[in-house]
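Protein chains in written order, with this note's numbering: chain A, 1189 to 1606; chain B, 1189 to 1606.
Honestly, the hints are just simulated from the structure, not real lab data. Owing to the predicted nature of the structure, the values given are computational and were not obtained by experimental measurement. Treat the hints with caution; some may be incorrect.
Any copy, or any two copies together, can satisfy a pair, since identical chains are not distinguished.
What the hints assert, rightly or not - Think about it this way: if two alpha-carbon atoms lie no more than 27 Å apart in a straight line, the pair counts; the simulated DSSO-like pairs of lysine-lysine are:
hint: 1; residue 1: K1190; residue 2: K1225
hint: 2; residue 1: K1288; residue 2: K1385
hint: 3; residue 1: K1435; residue 2: K1332
hint: 4; residue 1: K1288; residue 2: K1362
hint: 5; residue 1: K1362; residue 2: K1276
hint: 6; residue 1: K1357; residue 2: K1573
hint: 7; residue 1: K1385; residue 2: K1300
Protein chains: 2
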Amino acid sequence: MKAEVISIGDELLFGQVVNTNASFICEKLTDLNIPVKKVSTVGDHRDYIINAFNVAIRNSDVIVVTGGLGPTHDDITRNCVAEFFNSKLIMNETVLSDIKERFARFNRPLSKVNEEQALVPDVADVVRNLNGTAPGYWIEKDNKVFIVMPGVPREMKEMMTGEVSDKLKELAAKQNLFYKRANILTTGIAESTLFEKLGDITELVDSGTLAFLPNYSGVRLRIGYSGEDELLVQSKISEIEQRIRSKVGRYIYGREDDTLGKVVGRLLSERGLTISVAESCTGGNISNEITNYSGSSIYFERGIVAYSNASKVEILNVNEDTLQNFGAVSKETVEEMAQGIRGISGSDYGLAITGIMGPTGATNEKPVGTVFIACSDAKTVVSKKYNFGDDRIINKQRATFAALELVRRILLGINVES
Amino acid sequence: MKAEVISIGDELLFGQVVNTNASFICEKLTDLNIPVKKVSTVGDHRDYIINAFNVAIRNSDVIVVTGGLGPTHDDITRNCVAEFFNSKLIMNETVLSDIKERFARFNRPLSKVNEEQALVPDVADVVRNLNGTAPGYWIEKDNKVFIVMPGVPREMKEMMTGEVSDKLKELAAKQNLFYKRANILTTGIAESTLFEKLGDITELVDSGTLAFLPNYSGVRLRIGYSGEDELLVQSKISEIEQRIRSKVGRYIYGREDDTLGKVVGRLLSERGLTISVAESCTGGNISNEITNYSGSSIYFERGIVAYSNASKVEILNVNEDTLQNFGAVSKETVEEMAQGIRGISGSDYGLAITGIMGPTGATNEKPVGTVFIACSDAKTVVSKKYNFGDDRIINKQRATFAALELVRRILLGINVES
């Protein structure tokens, strides 16, 4: 069984909206053992849409379409679907009452364009929209499944993980082939170094696959394996993962959808420990990342974004002489910041960061990308210097991950230097 | 002249990597008056890649390919390009010396897989890679242009905005058709309300186009117009924008790649004013957004992430009785936070936020999504209550935008209530 995803919307071809829907749908289909072979994106133009439908239905068994179902004039997907299946639009009473109920709930006046969203091609079963007004369609014809969903991510995601996923599961169960994958997340090691440390890939993965997926937080290793025996496939994946761990384990901070923020949070809560953060150059991004997870209020006490020198002295008790003699971006300052935030908050750990994110602020000795990070506990303070690149936003991200990785290593007793 | 973008990589079909490259390339091509008619994504498999090349070269004049040029075993784009153009791989000495120089500069050992990245199909002109090792290709054949670039965003972007863009500009100049667009950014108004306030779209845009592009920060309106007379096209765009501004101007915070953080920063610096921020529920995200822009240290003094009640009392001088009587999520608390942060920082404005982001922490009176935002100056404190949704991360984003919009309205003297 093969799938194709079709995204519809001029905004995608203009490049102003990133196609996050396609990746979300691809991931769900992959997890359901329905491999995606192609993603196509076309604009809000009848000819291109119909052509994409034709190509997809020739080559694939499952076609998932999103976008162009909204209430405004540039949304033409519904009419194209009706034309493609030679189908009439009829008013669907369930959908209409869903829409009415929704508008009443939010106290919003119901307009004619909203009511018209209840018009559905008669070839389609309706997929109800719990987060919006435009319904989805489930169409089965000639052994092909054709699914249409709105382009609003929240609406599509709810359908895709709910009703659509349930129906696809039934379909997928009829195949007798199992594909499994595992993602191992590394940080603090370059892709080519990782590649060399892992040695002969063919030997490592047996008849499976291994992909290297670098991003700013590190390199993700994706293991894939397929076969007819589900248990065997699963055990092969575990074996490959074990071999990888034995070679580069210290760089592995998590699996699947783990993030450094989540992992550090988990390590802190397991140990009943707390942390507070003093940031300069990352401007709140470390605290923001830590507090992205529910339950973070248990281990995160407070954060200080000490942007001005005055705030470093007044709140964090950094010595004015230290700032004077060594500068705001220095090992000495960051260590005092770490001890300062720990002191005022009473947290077990104090994490601090200072650096030059660019494009301005550099000196000869301290180019853009120079960052110092320190972590203090009751006994000691550990600090480290980093050299990132010249892009401000990327530097903020990389520095945030490096700070969290420093904490992870300290919590696990891993050498912080290599 | 029509373009097609082809993205190559299993990771894209697995859905684990979002295709930000395609949107970046689409935007650049659109700006060069080379409209993109289709984006295709295929995996690292010879048959699918060659098939995509065949379809694209039949239908389009400019084909832009990214991905699969890396040093590891799963990168096969180079060999597919060589096969497709019936071309031999030859060692390119310029590329080899670029690679050697790069590794020497970063003090990294040069491995054989890295050296092999200097093998280039002989049909291609090399596009040098200033941010990495794999070169890009520029291939002209039978009046078609075929461009291949690495999938690493930083490397692709440098090529696409540099050498590739220069060459495409020359090509595009030969056409005699001008397409222009403008993006108007609104916030604080729902898509359907905006649609209704704008009235008859056909009348509004003349023979141009108007698209509604909602996201968590608001609704973006994209105006498009094309014609043979560049000046006329530009003036039509301006006219349409003026008509839109006259109807919904108060909701418009910027144009093109403006963000609320950038706009608020600009308004503060123009006026020589400073701000400090006290955040609870957004966990540092407001400070993070404000400090994403170079020069923010001039108007941003400090930020406090007062997650615990103790930190609200100790640092922000919130009255313990206020917390006791009204709770941490209340109008009374947020107003004291705003006055507190203003007092300790000496900034002109104190911005504060407190709320329940979910999934836990809700009460009957204060469901998940309840947020209070306040902004204080020397004379007064303005506060407002918001009801967002039930997704923690989306709530953090929406609350951040709402806080910045409150400041924007205050700085521009726009009524904050509607």
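A quick look at each hint next to the structure:
no., hint, result
1, K1190 / K1225, "both (7 Å within a copy, 24 Å between copies)"
2, K1288 / K1385, "between (60 Å within a copy, 21 Å between copies)"
3, K1435 / K1332, "neither (45 Å within a copy, 47 Å between copies)"
4, K1288 / K1362, "neither (39 Å within a copy, 53 Å between copies)"
5, K1362 / K1276, "neither (32 Å within a copy, 45 Å between copies)"
6, K1357 / K1573, "neither (50 Å within a copy, 43 Å between copies)"
7, K1385 / K1300, "between (63 Å within a copy, 14 Å between copies)"
Against the hints set out earlier in the document, violations occur for numbers 3, 4, 5, 6.
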